[in-house]
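Could you put the whole structure together from the sequences, leaning on the hints where they help?
Quick note, the sequences are listed as chains A and B, same order. The working numbering applies: residue 1 is where the first sequence begins, and numbers increase by one. The working numbering applies: residue 317 is where the second sequence begins, and numbers increase by one.
Please note: incorrect hints may appear among the correct ones.
[What the hints assert, rightly or not] Residues from chain A that keep clear of chain B, each with C-beta distances beyond 12 Å, as calculated: (1) P99; (2) R263; (3) E274.
[Stated by the list, open to error] What follows is a list of derived Cβ distance ranges for each label pair: (4) B/P507 <-> A/V308: 55 to 65 Å; (5) A/E66 <-> B/R349: 53 to 63 Å; (6) A/G34 <-> B/A384: 42 to 52 Å; (7) B/G557 <-> A/L119: 41 to 51 Å; (8) A/P224 <-> B/L435: 36 to 46 Å; (9) B/R405 <-> A/P293: 17 to 27 Å; (10) B/T323 <-> A/E66: 54 to 64 Å.
No wet-lab data here; the hints were simulated from the structure. The beta carbon of each residue, even a glycine, is placed where N, CA and C say it ideally should be.
Protein chains: 2
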Amino acid sequence: MTERQPTASGVIAAAKRIAGQVTVTPLLPFEFRGTRLWVKAECLQPVGSFKLRGATNRLLQLNEAERARGVVAFSSGNHAQGVALAAKRLGVAATIVMPADAPAVKMDATRGHGADVVLYDRATESREEIGRRLAGERGATLVPSFDDVDVIEGQGTVGVEIAAQLGRQPPLVVVPCGGGGLSAGIALALPESRVLVAEPEGWDDMARSLAGGSIVPVAEPAPPTRCDALQTKLVSPLTFGALQAAGAEGVAVSEAEVGAAVRYAFSTLHLVAEPGGAAGLAALLAGKAGDVPEDSVIVLSGGNIDPVLFAQILAE
Amino acid sequence: MTERQPTASGVIAAAKRIAGQVTVTPLLPFEFRGTRLWVKAECLQPVGSFKLRGATNRLLQLNEAERARGVVAFSSGNHAQGVALAAKRLGVAATIVMPADAPAVKMDATRGHGADVVLYDRATESREEIGRRLAGERGATLVPSFDDVDVIEGQGTVGVEIAAQLGRQPPLVVVPCGGGGLSAGIALALPESRVLVAEPEGWDDMARSLAGGSIVPVAEPAPPTRCDALQTKLVSPLTFGALQAAGAEGVAVSEAEVGAAVRYAFSTLHLVAEPGGAAGLAALLAGKAGDVPEDSVIVLSGGNIDPVLFAQILAE
Numbered sequence: 001m002t003e004r005q006p007t008a009s010g011v012i013a014a015a016k017r018i019a020g021q022v023t024v025t026p027l028l029p030f031e032f033r034g035t036r037l038w039v040k041a042e043c044l045q046p047v048g049s050f051k052l053r054g055a056t057n058r059l060l061q062l063n064e065a066e067r068a069r070g071v072v073a074f075s076s077g078n079h080a081q082g083v084a085l086a087a088k089r090l091g092v093a094a095t096i097v098m099p100a101d102a103p104a105v106k107m108d109a110t111r112g113h114g115a116d117v118v119l120y121d122r123a124t125e126s127r128e129e130i131g132r133r134l135a136g137e138r139g140a141t142l143v144p145s146f147d148d149v150d151v152i153e154g155q156g157t158v159g160v161e162i163a164a165q166l167g168r169q170p171p172l173v174v175v176p177c178g179g180g181g182l183s184a185g186i187a188l189a190l191p192e193s194r195v196l197v198a199e200p201e202g203w204d205d206m207a208r209s210l211a212g213g214s215i216v217p218v219a220e221p222a223p224p225t226r227c228d229a230l231q232t233k234l235v236s237p238l239t240f241g242a243l244q245a246a247g248a249e250g251v252a253v254s255e256a257e258v259g260a261a262v263r264y265a266f267s268t269l270h271l272v273a274e275p276g277g278a279a280g281l282a283a284l285l286a287g288k289a290g291d292v293p294e295d296s297v298i299v300l301s302g303g304n305i306d307p308v309l310f311a312q313i314l315a316e
Numbered sequence: 317m318t319e320r321q322p323t324a325s326g327v328i329a330a331a332k333r334i335a336g337q338v339t340v341t342p343l344l345p346f347e348f349r350g351t352r353l354w355v356k357a358e359c360l361q362p363v364g365s366f367k368l369r370g371a372t373n374r375l376l377q378l379n380e381a382e383r384a385r386g387v388v389a390f391s392s393g394n395h396a397q398g399v400a401l402a403a404k405r406l407g408v409a410a411t412i413v414m415p416a417d418a419p420a421v422k423m424d425a426t427r428g429h430g431a432d433v434v435l436y437d438r439a440t441e442s443r444e445e446i447g448r449r450l451a452g453e454r455g456a457t458l459v460p461s462f463d464d465v466d467v468i469e470g471q472g473t474v475g476v477e478i479a480a481q482l483g484r485q486p487p488l489v490v491v492p493c494g495g496g497g498l499s500a501g502i503a504l505a506l507p508e509s510r511v512l513v514a515e516p517e518g519w520d521d522m523a524r525s526l527a528g529g530s531i532v533p534v535a536e537p538a539p540p541t542r543c544d545a546l547q548t549k550l551v552s553p554l555t556f557g558a559l560q561a562a563g564a565e566g567v568a569v570s571e572a573e574v575g576a577a578v579r580y581a582f583s584t585l586h587l588v589a590e591p592g593g594a595a596g597l598a599a600l601l602a603g604k605a606g607d608v609p610e611d612s613v614i615v616l617s618g619g620n621i622d623p624v625l626f627a628q629i630l631a632e
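Following this line, the structure appears as structure tokens:
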């Protein structure tokens, strides 16, 4: 693999490369405790999350022979949809390895974009092994969900858009964090901003890694969480390195705080957020984001949620 | 009152007047039956609907003496919030007359914007009389929800934005219709577009008026509908006239079709739509919009819905 590190100029190049292939999502104003803030609504991407960005940036750099052999990805859902749609648009065959307990809405959407979906048992099988085996058998290119320079730089285009839409780099940007691809890319794009990543309680390995100065995994047994998009047990040197260099910090949010954020997005912002996508908003609403100056930005990273779970959260 | 008619140049002037006071809502692409269409997401205005536009355009034209005496409006909810927030921003006192059975979420939001809310019984009292009496007693200015040139021209700024964002006037624009302020304003802004208005079944008085060539009221007894924002029993010569001159047509959508549209907005667009706001989308999804060329625009006009009703619709 490449030894190249993700860079700010790489993010800028990615923004030029994927222009027209992804939606420039709106930066929407809202008022919180008398302060004007902004939400970057990545749930409004055609696949319902920012994942289309990194996938598109990666696939656009395949050569003709690689395109012909197709791509493989493993993902609980949002990366799956991002790779599937990017592949469909570029005429590349995609195979997606998904856990059998992934939200049905994410599986259906992935198949709807024409991808071949292979299910595995999250408890007994390794998606990494299955993905690598499939890639090996077919000569296909594996598209990692975050441990990849091109993917990180593609996700970072969210930050490029924020700066352009706001007319400056925000004082603070709060970003949900699973493997850290989105937050690392944004940190590269917005070097003047304070970057705060938000993770579910018990899954806050990036926060603890940043606090301790080296990568630590999620402590087992990890608690159940409705933030399926953020269930990453080990971050990557690429994402950790970029966030550490930016002086980023992390914060953990509870399931109740995430629920409150999903309800706030519904009633006040009129946006559909999935629990993982609302983790940054949860940190803000719970008062866990520290000093929040005017024009701070909350990234709402995804909106793919089963209607039954959404109704449950509304009723809480 | 004025005898001036709403005009295209009035809409352009309104767009300049209210710039910076309202959110430029996103025009979001989506694919329907293989055709690329766009949704104009007015549910993403700070008050959750387009109503902030007309109210702001009206209030900005009050003189100092009128501002000091305040404004009065009657509304089931969305116009209430629009007037309340516009008044708050301009430092004008607002009294809003609302039906006692209006959605709690709309009443709370109206009070949250600092307005004085006066409730009335929809079955036994006339909101028009109460509103006029309050306006008379206080010397306040009545801000109609649609029967007003400035309000119509303000709502029409949605059309100005659509043309700017799309780079041309769309071949078709589908718009929810209560009193017709939004659709009339859009018809003025987009003279080259085919305009289709969507109303709930049994409340399709604008459709029947346009088909028959003169204004007819809703036939009593009108059926129950979840589209509380579209429960207008008689349209105005101002709105009817603009739509008739544009050659607009109307279509009626069922409660089930509206429910399907709310669910589609949730799962595919990741937007929170209220039933009335989704009436145009309902017409599209039900195949009632006739020929729908590429780059047609669906206006999603509002997203203020009680969570219990939203959960019910998701479960249907």
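To see whether the hints hold, each was checked on the structure:
Against the 12 Å criterion, A/P99 stays outside the reach of chain B, whose nearest CB is about 20 Å from its own CB. For A/R263, the requirement that its beta carbon stay farther than 12 Å from each beta carbon of chain B is not met, with the minimum near 7 Å. Residue-level check failed: A/E274 sits 9 Å from the nearest beta carbon of chain B, not beyond 12 Å. Distance hint check: the CB atoms of B/P507 and A/V308 are about 45 Å apart, inconsistent with the given range 55 to 65 Å.
With their beta carbons about 32 Å apart, A/E66 and B/R349 fall outside the hinted range of 53 to 63 Å. Evaluation of the 42 to 52 Å hint for A/G34 and B/A384 yields a failure: the beta carbon distance comes to about 25 Å. Remark: the range hint 41 to 51 Å for B/G557 to A/L119 is contradicted by a beta-carbon distance near 59 Å. Restraint check, A/P224 to B/L435: a C-beta distance of roughly 44 Å satisfies the suggested window 36 to 46 Å.
At about 22 Å, the beta-carbon gap between B/R405 and A/P293 stays in the expected band of 17 to 27 Å. The hinted range of 54 to 64 Å is satisfied by B/T323 and A/E66, whose Cβ atoms lie roughly 57 Å apart.
Of the numbered hints given earlier, the model fails hints 2, 3, 4, 5, 6 and 7; all others are met.
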